[in-house]
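Could you slot chain B onto chain A? The hints should help.
There are 2 protein chains.
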Amino acid sequence: MAERMDGKLVSASVKQRVADETAKLKEKGITPGLAVIIVGDDPASRVYVNNKKKACAAVGFYSEEYTLPENTTMEQLLSVIEVLNSREDIDGILCQLPLPEHLDEQAVIDAIAVDKDVDAFSPANVGKIMIGNYDFLPCTPAGVMEMLKYYSIPVAGKHCVVIGRSNIVGKPAAMLMLHENATVTICHSKTQNLKDICKTADILVAAVGKAGFVTADMVKDGAVVIDVGINRIDGKLYGDVAFDEVEKKASFITPVPGGVGPMTIGMLMQNTLKAAKLHHNIEE
Amino acid sequence: MAERMDGKLVSASVKQRVADETAKLKEKGITPGLAVIIVGDDPASRVYVNNKKKACAAVGFYSEEYTLPENTTMEQLLSVIEVLNSREDIDGILCQLPLPEHLDEQAVIDAIAVDKDVDAFSPANVGKIMIGNYDFLPCTPAGVMEMLKYYSIPVAGKHCVVIGRSNIVGKPAAMLMLHENATVTICHSKTQNLKDICKTADILVAAVGKAGFVTADMVKDGAVVIDVGINRIDGKLYGDVAFDEVEKKASFITPVPGGVGPMTIGMLMQNTLKAAKLHHNIEE
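Chains as they are written, first to last, in this note's numbering: chain A, 1 to 284; chain B, 285 to 568.
This is chain A alone, in the form it adopts within the complex:
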């Protein structure tokens, strides 16, 4: 029976670390500031934004929220970002995705100053992730790495199979695993023999977006199974992994909810702290 990896616990430890460092920064008169922009009233986005605000308060950050109506124009949204880019008290800017369809997400991401792009979605920050010399970590994949570290799970030399190739999870997760010396395989909807490949994984990362996609017959005995999926069915959350059956084969497993999900906000706090340090030329 697998040990459950507790994302709330690990995220709390990350936030504690950020809070401790923030307290020290405040002694120097510096308060990290995060601005969160939300457009429209998607209920899931609303929950995420509220959680981010709470986390900011908990670690001692200054935070602002901009709630813009569904019919906000690109011009209006970009003008909000422009002001935030120029403000010295704002270290990080985050625009909650997805945006309403009439808005150009990539153009919005590109508008955020690279040194305030704490989601690390802009090309320059994505490039740094691939090169391996980054200021900001991609939040969700970095959360996965932090959990592996917390549970002392070795990554170097292991075979990590990532199912899913999104820009937010799959690809950057592959890069972070690679930088930690894992051998990495990236699978996706066009992969042949998916089951056989997954069965070779020491660490299996599921980022598919289909509830219960990863079944026990796809998992090697003793594998570490990381479930990045968040699938809402009838108001309930399900991961990409058929938890009950996979739990019996894996050595470690992340539940949904309470696994990778809570980690993301912890890493966002860490990136915002890093942004504040960079803006004030404070060494790590």
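These are calculated hints, taken from the structure and not from any lab test.
In this text, a Cβ means the ideal position worked out from N, Cα and C, and glycines have one as well.
Don't take every hint at face value.
Every beta carbon over 10 Å from chain B, so not counted as near; a handful from chain A, in silico [what the hints assert, rightly or not]: (1) E3; (2) V47; (3) D115; (4) R165; (5) I197; (6) K199; (7) G212.
Only pairs whose alpha carbons sit at most 35 Å apart, straight line, appear in this in silico DSBU-like list of lysine-lysine [stated by the list, open to error]: (8) K312(B) x K561(B); (9) K494(B) x K190(A); (10) K504(B) x K220(A); (11) K312(B) x K190(A); (12) K292(B) x K338(B).
Chain B in isolation, oriented as in the chain A frame:
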């Protein structure tokens, strides 16, 4: 016995395509311009730069070469780049690597304007490669993809194993393969069971930097073997693949020299053409 993939032939076809498009641009009064900077007198770099100049002449580009002495300072090098960044007749800027040790390669790369960075080495261009929405292709991996296309070798759904994780070849090659729907595994010096993994490859890309590293027992019958290695031993060039023995098992194989090497310059020409089109707002 494998069919040999002829990089000179495929590169010639790429250059012909670029030359044809350049002729059309010239009718509109536009001549793509490439500036190549070389610092010091590394003989291999000298050969590469000469080949790039020749290729520019062949496709009809305007080109300039800046030969700076070994003891050039960062300040001097950056001031050359600054002028080139501002010139309207220069569409692409390339600084031949490696640079002498006292110069900061990343800072030099970062100094080149993103829209003139035809090597696609800057973080913003690397990020676009990972995101999959690029202006400039990474030259060597793009050369590999072009050869596969030329020889009608299917990539979608195939298992591509890349040995090597450099920023110039391994990682971007993995991304281009992924965008073409291959399942991709990235191996490196810390990989366990390298031989077993390589034997599962439909397409094996060797970018290791060790002569004869890939032996026949690492190759599946009928695999496509792409050799990106350029190893100089006693003045002679060797690839990363033990060609004579692997040739007997593979279905297609690239020789060294005459395989991937010549492709790189073709792709550089293509990127420079693309830069010129972008600078003059000409649609593809």
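10 Å cut-off, C-beta based - K199(A) kept clear of every residue in chain B: Consistent with the label, K199(A) stays out of reach of chain B, its closest Cβ about 12 Å off (over 10 Å).
Against chain B, does R165(A) hold up as non-interface, every C-beta pair farther apart than 10 Å? Nearest chain B Cβ is 6 Å from R165(A), so the label is violated.
Regarding the pair K312(B) and K190(A), is the alpha-carbon distance no greater than 35 Å? violated, 43 Å
If you draw a straight line from the CA of K312(B) to the CA of K561(B), is it 35 Å or shorter? Status holds; Cα separation ~11 Å.
Are the Cα atoms of K494(B) and K190(A) separated by 35 Å or less? Roughly 32 Å between the alpha carbons, so the hint for K494(B) and K190(A) holds.
V47(A) remote from chain B - nearest C-beta pair above 10 Å: holds, 27 Å
Straight-line alpha-carbon gap K292(B) to K338(B), limit 35 Å: holds, 14 Å
So is G212(A) really clear of chain B, every C-beta pair being over 10 Å apart? holds, 22 Å
For the pair supplied as a hint, K504(B) and K220(A), confirm whether the alpha-carbon distance does not exceed 35 Å. With Cα atoms ~24 Å apart, K504(B) and K220(A) stay inside 35 Å; holds.
Beyond 10 Å from each Cβ of chain B, as asserted for E3(A): holds, 23 Å
Regarding the assertion that D115(A) does not contact chain B, is the least Cβ-Cβ distance greater than 10 Å? holds, 12 Å
Is I197(A) truly not at the interface, in the sense that its beta carbon sits beyond 10 Å from all beta carbons of chain B? violated, 7 Å
Going through the hint list in order, the structure does not satisfy hints 4, 5, 11.
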